[in-house]
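Given these sequences and hints, build the entire structure.
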Amino acid sequence: MGHQMAQQISAALRQSIHRIVLVLASFLPGILAFLLAVIVFALIGWGLSALVRRLLIAVRFDERLAAREAPGSTGIITEWSPSNSPTVLAQRTTFWLLLLAGIAVGISAFDASYAEDSRYSIFLLPYVAHIAGAILILLVGTLVARFLARSVLIGAVNAQLQYARFLSLGIKWLVLVLSAAMALDHLQIGGTVVALAFGILFGGIVLTLSLAIGLGSRDLVSRSIEKTMDKTPTPRPTEVPLRTDTETPPRLRHF
Amino acid sequence: MSSTPLTADAAQPSPLPESGSTLASARKSTAEVLICLPALTPDALPYALQSIAAAFPNESVLVASSHALENPSEFPTLDLIPYTSARSDVGWILAAGDYSAAAQLALEHNARAIILLGGDTAALSHPNALDPNLLRSLIDCLRTKNVDLVLPRFSIGPNDALVNSALLYPLSRALFGADIRFPLPIDAAISARLARRLVSTTQRLMALNQGSSLLWPVAESAAAGFSVRDVTCQAAPPTPPPPATQADFNALFTSIAGSLFNDIETKSSFWQRARGMYAPSIQPSSPPPIAELAASPEIHSMIETFRIAQDNLQEIWSLVLPPQSRLALKKLSVLSPDAFTMEPDLWARIVYDFALAYHLRTLNRSHLLGAMTPLYFAWVASYLRFVADDPARATHAIELTAAAFENEKSYIVSRWRWPDRFNP
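In the order they appear, the protein sequences are chains A and B.
Heads up, the first sequence is in the numbering used here, so the first residue is 1 and it goes up one at a time.
Heads up, the second sequence is in the numbering used here, so the first residue is 1 and it goes up one at a time.
Fair warning: there could be bad hints in the mix.
[To be verified] Estimated spans, in silico, between C-beta atoms of each pair:
1. A:44 with B:333: 55 to 63 Å
2. A:47 with B:330: 46 to 54 Å
3. B:410 with A:43: 46 to 54 Å
Because the hints were derived from the structure by calculation, they are not lab data.
Every residue gets a Cβ at the ideal spot worked out from N, C-alpha and C, and that includes glycine.
What follows is the structure, encoded as structure tokens:
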């Protein structure tokens, strides 16, 4: 009785191991094909990017591009280039494009070699594209958030707003949350929950502010408005009369 | 007195340009002086011509204008030729397109001395707006002293042209060795030699349709080894009304400071090499004794802007300024308005650091210049307190600032060559 049970367990284990080995055996070629494609394309990318770099240095691409930019202009390509060198930008773009192509080819190879059960690859291939899209959305969102936050911060400081940093942080997080929600939506994670949460969050913020101003800070707001109405306008540090005690007050002129 | 357009305009055909050109061509061998007028209104043109005729009573002068007179015989010594003034990004300042067009005309008509007139067209629209003495002195200096570039030194009040006093003049003097009070000129007189050089300098800009860009003729002349002078002018500069809003001010400040930093970047190989062209200045003597101005509302306002920036812009300033400067700014921010004084050497180092950050593109250039504005206001607040509306003290303060820029030149040279040394 005991012996039979042991045999049955042993057979079941053997079958399980056999199945695992079979799955691994059918999976490994796909993985190897994927890795091989990525490595080969990475090597090609490395070689091609080095070639592009040499070529652009030889034709003095950076100097030519700088010469075409008008003096005083921000030079958008140079501005966004790593180390301020469009040559480096072209080099890295070449490399990463080829690496991405290698990943795409690798996934196709994986798909072909693992054709026995294509459920994974069929599921995986479009999802990788979605992941790439989501990463791109997050990346762009982060860049835009940083740019807008700095723009708002500097503008608010120059406009003498005491809450400049708060405003800047608000803008930054608004864009970050928006881009995160977009990325999640792109990945189809959360479904309508994300949209709902986003709507509730923003609606809540607006409602909170409305209530805060309408109820809690009613007196404060009315006092502030009265103060603004009564107060002589504060001179801005741009072009203002310097003295008011003479008939023709000397003016402050910056230009 | 009225006039008609001299420029080729399909909508407004004018027979006068041809006659004007013919007259000019006929006399081009005799007229040595070419004067290029800004885009004046037709009504303002006769006033300008009267001033020119008064300045050169016995001399034939070529006048380049966008309009022609209906009755040219009214000014027998003046020959009008067609010319389109380029409106610069800053409006009343001469643009690269102005220099290019004037230089081309000068070469075409064999003119040996060229005067370019800029300025706000509204300010030049009344009689006697153009000073004949200024025109005469510009040409006299150009001819008698064998100079290539002559600029007017306008008479201004102690609280005028503050950007010029804070940035343009000190930088131009320290880096290019040119003691020219207004290096970004409204008017300028140039020799034929400099005109030829400007044709090649502006060629690239004109090809890129960037004729409205600012050009820095003082730096250009210094880099080419040409001589530069300025002549005193009793008249006030024909500048437009001050910018109405903070946004207008920011746009102008960004445009001018950005253009200057760009020019410094372009000519970095010149000013780094230029040894012996300047000697670190000896500190000017003590200012005339006068009580410093108690902080007025506008000084308070500027200091407030600086303090808000000190609280909020640390993240950006830390990318640009070394720790020593940030510490000095922190100390400055806690001073009371009645004791608010920014040392000239601190200001000089700050400007040099921002010029370097502009070159290195440490951050977006419009952000960089926007982050510099509160520091400029701090300098202005300190300057206004020191000057106290006294012209002698203003001269002294400007001299102190310029001397500080000269003395700190080694700082910018070091930082330009080894930018990371000061930021571990």
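Lying within 46 to 54 Å: is that true of the beta-carbon distance residue 410 of chain B to residue 43 of chain A?
-> Since the Cβ atoms of residue 410 of chain B and residue 43 of chain A sit about 49 Å apart, the hinted range of 46 to 54 Å holds.
Given the range 46 to 54 Å, decide if the beta-carbon distance of residue 47 of chain A to residue 330 of chain B lies inside it.
-> 52 Å, holds
Given the range 55 to 63 Å, decide if the beta-carbon distance of residue 44 of chain A to residue 333 of chain B lies inside it.
-> Holds - the Cβ-Cβ distance for residue 44 of chain A and residue 333 of chain B, about 56 Å, lies within 55 to 63 Å.
The structure meets every hint from the earlier list without exception.
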